[in-house]
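Which chain is which? The protein sequence lines are A and B, in order. Just so you know, my numbering puts the end of the first sequence at 338, numbered straight through with nothing missing. Just so you know, my numbering puts the end of the second sequence at 345, numbered straight through with nothing missing.
Since the hints were derived computationally from the structure, they do not count as laboratory data. Do not rely on the hints blindly, as some may be mistaken.
Stated by the list, open to error - Chain A is faced by these chain B residues, among others (derived, beta-carbon under 7 Å):
{"#": "1", "residue": "M195"}
{"#": "2", "residue": "S196"}
{"#": "3", "residue": "A216"}
{"#": "4", "residue": "G232"}
{"#": "5", "residue": "P234"}
{"#": "6", "residue": "F238"}
{"#": "7", "residue": "D245"}
{"#": "8", "residue": "A247"}
{"#": "9", "residue": "E273"}
{"#": "10", "residue": "R276"}
{"#": "11", "residue": "L277"}
{"#": "12", "residue": "V289"}
{"#": "13", "residue": "Y292"}
Since this is a predicted model, take the numbers as computed values, not measurements. Idealized CB from N, CA, C, for every residue including glycine.
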Amino acid sequence: MKPLLHLAGIDKSYGQIRALVGVDLTVGSDELLVVLGPTGAGKTTLLRVMAGLERAEAGTVSMAGTDVTDWEPSARDVAFAFQHFALYPDWSVRRNLEFPLRAPGRQLSEAEIATRVEWAAELLHIESLLERSSERLSGGEMQRVAIGRCIVRRPRLFLLDEPLTNLDAKLRETLRVELALLRRSLSIPMVYVTHDQAEALSMADRIAVISDGNILQVGTPEEIYERPQSPEVARQIGQPAINLFDVCCRAGRWVVGSGGVLAECAAGESAVAAVGVRPEHITPSGGEEEGIVRVVEDAGPVWVLRVEWLGQEVRLMAGKERSYCLGESIRPHVEPGRVVVWEGERAR
Amino acid sequence: MSFLRLESLSKTYPDGTEAVRGVDLSCEAGELIVLLGPSGCGKTTTLRMVAGLEKPSAGRIFLEGADMAPWPPQRRDVGFVFQFYALYPHLTVRENVAFPLEDRGLSPDAQVQRVESMAERLGLAAILDRYPNQLSGGDQQRVSLARAMVRQPRLYLMDEPLGTLDADLRLAMRELIRDQQLRDGVTTLYVTHDQEEAMSLADRVVVMEGGTIRQSARAADVYADPADLFVAHFIGSPGMNFAEGQVCDGAFRAGELVWPLAGEWPAGALTLGIRPEYVRLSGEGTLRGQVLVEEYMGSCSYVHVETSCGRWVIRSDVATGHRPGDLVGIELEADGVRLFDGQSGRCIG
């Protein structure tokens, strides 16, 4: 991977709050990097440091090998769409979209400007709004115009902060595919900040998981989903959430506190570990220990069962070829080899 | 006798807008019914009429057999929840939870008892004297739920209660609501525009559009057998795949897709619908197309394919590794095929 942007040892605080702690992160020259984390994790701050809108207390920012730490945002040639990015209220949507294309130094023909604006409007389903004044837009429409204003340009790097958050589900689903395809066709790298794990998994070339200002893991969606480095990373990705157990090795099996058997284990006798099992890797029958179905949720193609099992609430996915009753007794079974083990760690 | 019954309920505003048009709905005791639909479909107006906040233009509402029309909102004994979350920052957890009990004519002892039993149930006993800013996000949610439920009314009416919460909080709160509702057995009408939320919560989903009920059934049935194209479009994420075509020579034909039909079918326009889990990638295929993108979702994978019938999505249990531009065949499983009348949009097979 050829790097475009590189952050090294970035620290940033707001008063007592350490927003970013020694962050090292590289963005490749042709990738979509998703920064995933809960509210308050430092995602937006990280993006603002990349854009040059925020100065870090320590660390360097470089682009294609050049130190740009002290460069102004405009000199970095990045395009950004922030969640609360104001449009010019008394301008039309069209004029707002044209604005970045008319910046000094950009010599685009009127025809080219019109083409780009209309292309972006079509992609974002806002063609009919082009002549409307931007103060007469709904929140979702405004957000799409903000994305549009970002993508009409051909910068070195796109920075998007929760761009789809306030949109309705159908539109979000469509736009996440369109944005990823768009980025690929332009071959311009993009950093995409979100707290939505589905967006992260489906769009990203790589995901950086962030929590409390620390990058916990960087990897492909498959790596993050299948081999999370800690219970904390595991919890942040996957829906329904991963099941976490505190276990101990007894005679070649992982055993929970109550003595119930979870799965086979290869660790030494008495080893302790946190073990994670994804809901799709627990089948509703075939196991030894009894579980009681507490809640049945319809997730479309599958049921999600919430089951009292091994002394805790466990989520598992069950096929729709049969239905389940509340209070029903089942014997869940963990598919062999489908557990993630963190030896010496605790799940909670 | 139904616990709650809406009979030919309508609401027309003075400007002529028909928000609700002849809604009939029966709820059994203990049911959680979700009114689902896009904005403007009439779901919130229906809820507000049950609460007594809007007066129906026509029709009646019965609660346990009694016509509610003469009762003002405060006498209907319904708990109306707009949104969870915002706790009063200057009040302790105890005071926050007790807040809805003020002016309810309860003795101070009875109030304390209600608050404490609710706190016990939701695991708040140890934090009753803390302030909201001393609580974790999860604790704050449980306090807001306790506050909503402490009244113990006969009926809960919830209007997009998870509206402003972050995705992860929404999920946790949704589970908490369902747990408590199942435990209490309080009949609940719940309004949302989020089909995923509706499907996972509901005993029964009532899909509304244009002020009328399009379908009222178990979530699994609304999903598997949508009554019409509107419901089929609205339910499911990613949504159903569609092909618009014609009946001709005993088969449905749309572009290169030919799907044999059993029995007698009059010639005419028809739409075929099939959910992403009922289509498979195969070498040959009934339909061919070009891969646009594969979306990895962890527990499954969605392959988006451009076909002569439009863009289709295929659900696969494992990542297929297909690259954009790959040519693929698509096979339809007969179990998943639904046919909709080209004119009325009704499901007819």
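* Tell me, which hint numbers fail for this structure? -> Checked against the structure, the hints that fail are numbers 6, 7, 8, 10 and 11, while the rest are satisfied.
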